[in-house]
Amino acid sequence: MRATIFLTLLLLLSVSCTPRKQLTLAVVSGVEGDALKQAARDYESQTGTHINIAEFPYTNLFEKELIDLKARTGAYDLIMLDDPWFPRFASEQLLTDLTPMLQQRGQSGPDSDFVETSVALCRHPYQTGSLYALPYVGNSQLFFYRKDLFEKHSLKQPATWQDVLTAAKTIHEQENSGTKVYGYVMRAAQGNAAVADFMPIFWAFGGEMFDASGKPVLNSPEGIAALQFMLELGKYSPPGYASFNADDVGAHLLQGTAAMSINWPAWISSFADATKSKVVGKMEFTTLPSGQKPGQAEIGNWLIAIPRDSQNGGAAMDFLLWATSAEQMKRSAQRGNPPTRKSLFRDAELVAKNPAYPAQLRSLETSRPRPRTPYWNEIENAFGIFLSKANSGELPPAEAMNQANAEIEKILQRAQ
Amino acid sequence: MPKSRRFSSAPNRRELLLPVLFIAPAVAVLLSLSIYPLIYSVTISLQQQTSAGIRWSVANFVRLASDNFFLTAMVHTFVYAAAALTCEFLLGLGLALLLNKQLRGRGLFRASLLVPMMLPPVVVGVVWRLMLNPNFGAVNGILKQLGINTENLTWTASPRLAMLSVILVDVWQWTPFVFLVLLAGLQAIPQEPYEAALIDGSSRWQTFRHVTLPLLKPSILIVLLLRTMDLLRVFDQIFILTEGGPGFATETISLYIYRTAFRFFDFGYAAAMSFVLLALTNVISAIYIRFLEAKEAA
Numbered sequence: 008m009r010a011t012i013f014l015t016l017l018l019l020l021s022v023s024c025t026p027r028k029q030l031t032l033a034v035v036s037g038v039e040g041d042a043l044k045q046a047a048r049d050y051e052s053q054t055g056t057h058i059n060i061a062e063f064p065y066t067n068l069f070e071k072e073l074i075d076l077k078a079r080t081g082a083y084d085l086i087m088l089d090d091p092w093f094p095r096f097a098s099e100q101l102l103t104d105l106t107p108m109l110q111q112r113g114q115s116g117p118d119s120d121f122v123e124t125s126v127a128l129c130r131h132p133y134q135t136g137s138l139y140a141l142p143y144v145g146n147s148q149l150f151f152y153r154k155d156l157f158e159k160h161s162l163k164q165p166a167t168w169q170d171v172l173t174a175a176k177t178i179h180e181q182e183n184s185g186t187k188v189y190g191y192v193m194r195a196a197q198g199n200a201a202v203a204d205f206m207p208i209f210w211a212f213g214g215e216m217f218d219a220s221g222k223p224v225l226n227s228p229e230g231i232a233a234l235q236f237m238l239e240l241g242k243y244s245p246p247g248y249a250s251f252n253a254d255d256v257g258a259h260l261l262q263g264t265a266a267m268s269i270n271w272p273a274w275i276s277s278f279a280d281a282t283k284s285k286v287v288g289k290m291e292f293t294t295l296p297s298g299q300k301p302g303q304a305e306i307g308n309w310l311i312a313i314p315r316d317s318q319n320g321g322a323a324m325d326f327l328l329w330a331t332s333a334e335q336m337k338r339s340a341q342r343g344n345p346p347t348r349k350s351l352f353r354d355a356e357l358v359a360k361n362p363a364y365p366a367q368l369r370s371l372e373t374s375r376p377r378p379r380t381p382y383w384n385e386i387e388n389a390f391g392i393f394l395s396k397a398n399s400g401e402l403p404p405a406e407a408m409n410q411a412n413a414e415i416e417k418i419l420q421r422a423q
Numbered sequence: 010m011p012k013s014r015r016f017s018s019a020p021n022r023r024e025l026l027l028p029v030l031f032i033a034p035a036v037a038v039l040l041s042l043s044i045y046p047l048i049y050s051v052t053i054s055l056q057q058q059t060s061a062g063i064r065w066s067v068a069n070f071v072r073l074a075s076d077n078f079f080l081t082a083m084v085h086t087f088v089y090a091a092a093a094l095t096c097e098f099l100l101g102l103g104l105a106l107l108l109n110k111q112l113r114g115r116g117l118f119r120a121s122l123l124v125p126m127m128l129p130p131v132v133v134g135v136v137w138r139l140m141l142n143p144n145f146g147a148v149n150g151i152l153k154q155l156g157i158n159t160e161n162l163t164w165t166a167s168p169r170l171a172m173l174s175v176i177l178v179d180v181w182q183w184t185p186f187v188f189l190v191l192l193a194g195l196q197a198i199p200q201e202p203y204e205a206a207l208i209d210g211s212s213r214w215q216t217f218r219h220v221t222l223p224l225l226k227p228s229i230l231i232v233l234l235l236r237t238m239d240l241l242r243v244f245d246q247i248f249i250l251t252e253g254g255p256g257f258a259t260e261t262i263s264l265y266i267y268r269t270a271f272r273f274f275d276f277g278y279a280a281a282m283s284f285v286l287l288a289l290t291n292v293i294s295a296i297y298i299r300f301l302e303a304k305e306a307a
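Protein chains in written order, with my numbering: chain A, 8 to 423; chain B, 10 to 307.
If you are wondering where the hints come from, they were derived from the structure by calculation, not from laboratory data. Keep in mind that the hints are not guaranteed to be accurate.
Said to hold, decoys possible - Quick list of in silico lysine-lysine cross-link-like pairs, BS3-like style, CA-CA up to 25 Å:
id: 1; chain 1: A; residue 1: K163; chain 2: A; residue 2: K77
id: 2; chain 1: A; residue 1: K242; chain 2: B; residue 2: K153
id: 3; chain 1: A; residue 1: K187; chain 2: B; residue 2: K226
Unchecked claim - Covered stretches of chain B (chain A as the covering partner; in silico rule of three or more C-beta atoms under 8 Å from a C-beta of chain A):
id: 4; stretch: 81-90
id: 5; stretch: 162-176
id: 6; stretch: 245-253
Built from N, CA and C at the ideal position, the CB exists for glycine as well.
Build the full structure now, drawing on both the sequences and the hints.
Written as structure tokens, this is what we have:
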């Protein structure tokens, strides 16, 4: 009985005290989320707004956010989103439209310093619709290659996929004494890995996943040729690459046992770290090679959005604008995240520390998003399975593309 | 009120209240954690989200029949379960028979056999993924030392060897469990039937076939049942070792259910698949029990 009275009093007390302003932020664990966490701590000490951090590993973040937002709990005031998830959240109307809040603060839209391809991801429908998020981390794929080996075998900088194949073959054949160096290394594990490493080849060969009416057309002659080319490159990849994920590819590059790869900027800093890397100063970074079409990288940005059911929309918006301001994003860049602002990619201090920034900006500005659909997770899963099957030799390329196309057609039919 | 009322056959309200109070917490926990979710999952498996709202339908169950991924995953699950169960049972039985004898160092041997079982499946998955790595794993390293060409032995990355690899890992981890249960069963068998068999002049095989096996039947039934149920819902090791790959080569039904629920957010369809798996598990268990009981009666 006494305990009950005590608890009641405690409850009354906590309600009657006016609480400090509070925000709850869902972040991903890892370097991207860490930068935002540190920014939140800075914001706390500057403004007195208390920020709770809910941190989740990448694979759990999506399910956690989607379940909470659909249940309309209002538990989060700000959420980090990987850009392929955005169409799902936006199409289910789970996010706050940011434009009215920008207008209240005297801005007509996101400022023009943001890279256009990054802001386009934050709009629903893509590029043209309302603004539901702001871009925070500006990743896009880069082409990595071993400068020293290219010089040694007098190969030219890989500008086209044909150059890549020639170089892969040369290196594969000639770097056979001592440590074997594979010409190329890629990820072809089912799911995200295989799809991400295939898309730039697919696009360069003129492949498209959907036609203008939204019908899947993966198995076009261009699409099949692209997969055939991927298998051709696979001949110069380490055995077992059909189950490789990012860490396997990273290990080969750091150990100096592979000469080229498509990869993400997050790896760049580890090449300069002599404790992990046997290739310090030997790696060069450039934009993606061309085919019939100019090379395009896959974009992969982290966005920050405000859930529609957040009770603290105004305070959340203040934090969001602060965290994505040039000044704060520079700090995030110093903490290892590529920015989404053009001025920062050109910032002398940052470029001195990140020599790949000019290439990153070129890659980001010409990058392409994964197809904008709420069913992307399902589509990517199906596509990845067949890409992996083709790379492991289980299915011939044309058959793999036909089956992937049929499976994706089924997914879209069900969605209607 | 007379004291004898207490012992009358019709209890009064007060007397009823006490047992009800004692049972209530258990009932409440069961209702909220088991019964309600069960009913809820039945409901969502029978519902379909449409633009006009939610409506009742069996569409989720109809879809199962035309879903190649589901059917393939089912086949994988049964291949995996059958192969692993056979190996684990034969190895476990052999080891149990061997260690039921008086051998020197028996205690040490028994204890070391149990180590794999003590490890969490996730740890087993990670350890074996490293050991089976084609480029720097221990398995290929040893084979190379023995002069075997390992260039095409890519284990979890090869569509032909991936299933074998995941089965191997399960056999490694769970044979000790089968061994342990069967050994306990063997040690519970009294000496008398053996003495009788010896006097009757039966051969070792005859003794095993007609004395050991029938008396071991209850332990065999238990271990087969438990292992089958575990194998049909295997998740952790495969998720860590191959994530269902390469391609779809080791995707089992639990992995596919997980993906459908938490990657594609189709809880209704995932629930429908879970019920099919549950039904199949029940049927298989019933067959075991029937089969072993029938033999006993014969």
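Against the structure, the hints come out as follows:
no.	hint	verdict
1	K163(A) to K77(A)	52 Å, violated
2	K242(A) to K153(B)	22 Å, holds
3	K187(A) to K226(B)	56 Å, violated
4	81-90	violated (count 0)
5	162-176	holds (count 7)
6	245-253	holds (count 3)
Checked against the numbered hints given earlier, this structure breaks hints 1, 3 and 4; the rest are met.
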